[in-house]
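Novice: Fit chain E to the supplied structure of chain A, relying on the hints for placement.
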Amino acid sequence: MSATADITSTPVGATASRAYAGAIGRLYDGAAASFANPTAGGSNQRLPSDARRTPAATVADPEVIADLADAPELRAIEELRTWLHLSYEDVARAAGLSGASLLHHWRQRYRTGSPVRPRAATVEQLWRVHALVRAVAEALEGADQSYAVSLWVRDADDAGVTPLEQLLTGRVDGVQRRARKLLLDSSAHSSPPWRVAGLEHDDELAAVETPPAPTYQDSDFA
Amino acid sequence: MSDGGDEPPAWSLQAGIEPQAWPQTARDATAGLRQGALVVSPPFIYAASADHAIHAVTRAWAASPSSQSGAVNVVSAEGRPPYGLIVTQTCDLVEEGKPKRPWVQIAPVYLLFANSGDRTKIQQGRGFDYLVPITGLTPPEGALWVADLRVLIPAEKGWLVGRETLAAFDDEAGYDRLAQQLGHRF
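Sequence lines, in order, name chains A and E.
Mapping of the first sequence onto this note's numbering: residues 1 to 222, in sequence order.
Mapping of the second sequence onto this note's numbering: residues 1 to 186, in sequence order.
Hints were generated in silico from the structure; no laboratory data involved.
Certain hints may be false.
[To be verified] To give a feel for the contact side, a few chain A residues facing chain E, derived at Cβ under 7 Å:
(1) Asp-70
(2) Trp-106
(3) Val-208
(4) Pro-214
[What the hints assert, rightly or not] Part of the chain E face toward chain A, derived, beta carbon under 10 Å:
(5) Ala-63
(6) Ser-69
(7) Val-75
(8) Gly-79
[To be verified] Where chain A lies over chain E, by a calculated footprint (3+ residues, C-beta under 8 Å):
(9) 54-60
(10) 120-131
Built from N, CA and C at the ideal position, the CB exists for glycine as well.
This is chain A alone, in the form it adopts within the complex (with noise of 0.2 Å):
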């Protein structure tokens, strides 16, 4: 191995679990693109110069998010990111998080094989909004999805004020009433009435009632 090389791919007391580290390396740096300051230059040196980073830096990879499977806090930021289509910035804001540097930050933590643990009362709005969020995502169409989610939280009310916006600046109660008809109320989820589930036994009708069945004679056969 190369004495320069990158510290991704020899991670500090690395273990088995973060074995992968240097791997998801690559991932991580696309997705730190939005981190960057547009106008810092110089965040992401492996992007060449005339590289332009779109707004879907603000949708999660998703296999960033299967690689983070052993680092809940970092994968319930990216489920937002995915859910809610977000920078960082504004995911930690929704999340009652000091910003994107301290992401950022446990990020690196991970990267480098140290372990990321975050005070529980730290993340306790974080979990919140990641349940609050996920529940209406999978109400809509399954968790899987985003472009339902994505939509109801910019749906504004008739006062003109969106879940979005209430997340962003904390009001985690609203958006928690907005969502109660639908997670709560079955008759209110925009999933159809009817469901084809696979049968774990197979139902009989009961006997009622019926007409008569026809009688059958020799030429009603061919």
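Specialist: Coordinates of chain E only, in the frame set by chain A:
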């Protein structure tokens, strides 16, 4: 290798497709149809064994002279379902361009008398995944119009010429449900 004298011919479905031989009437008959169309008085035909008859219709057929044929073919209108639901996908049904699918599949549609709980189950898709509620027809009290996916009858598209058809569902959700239910079942 055979000398070409006594070898039986290889049966092929493909060899008989012959798109140029299709009557235009048969092509026109499907032009305005879609998956989920109802056709009045569909055929009710299936292969069976008179010695091992299962369904009541098969048992009645087994006792008739027609059982020699090995195929149950109910010809009386009263002995057949009043409607059939075309379950063939619309693209295969209409076939833009050179046609290559001569047949459509038709599920029998009939009035199912059931208690309120079972009717609700069927309407909501909880159980009875082989039954599709037909919302375009108005049932009498205590019954539900259903298409039964347990048997699909093939009909050559020419059979559709001049047949009376109507919509099986009163909204797009019904067609979506049919497509998903078929996808789930087959």
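Novice: Each of the hints needs a verdict: does it hold here or not?
Specialist: Each hint tested on the structure:
Given hint, A:Asp-70 at the interface with chain E, is violated; its Cβ is 35 Å from that chain's nearest Cβ, farther than 7 Å. For A:Trp-106, the interface hint is violated, since its Cβ never comes within 7 Å of a Cβ in chain E; the closest pair sits about 41 Å apart. Interface hint at A:Val-208: satisfied, since its Cβ lies 5 Å from the closest Cβ of chain E, which is below the 7 Å cut-off. Interface hint at A:Pro-214: satisfied, since its Cβ lies 5 Å from the closest Cβ of chain E, which is below the 7 Å cut-off.
Against a cut-off of 10 Å between C-beta atoms, the interface hint on E:Ala-63 holds, since the closest Cβ of chain A lies about 8 Å away. Against a cut-off of 10 Å between C-beta atoms, the interface hint on E:Ser-69 holds, since the closest Cβ of chain A lies about 8 Å away. Evaluation of the E:Val-75 hint against chain A yields a held restraint, the C-beta minimum of about 5 Å falling below 10 Å. With its C-beta approaching chain A no nearer than about 5 Å, E:Gly-79 sits inside the 10 Å limit, and its interface hint holds.
With a threshold of 8 Å between beta carbons, the proposed coverage of the segment 54-60 of chain E by chain A holds, since 3 of its residues qualify and at least three are required. A stretch counts as covered by a chain when three or more of its residues have a beta carbon under 8 Å from one of that chain; for the segment 120-131 of chain E and chain A the count is 8, and the coverage holds.
Violated hints, listed in ascending order, are 1 and 2; each of the other numbered hints is respected by the structure.
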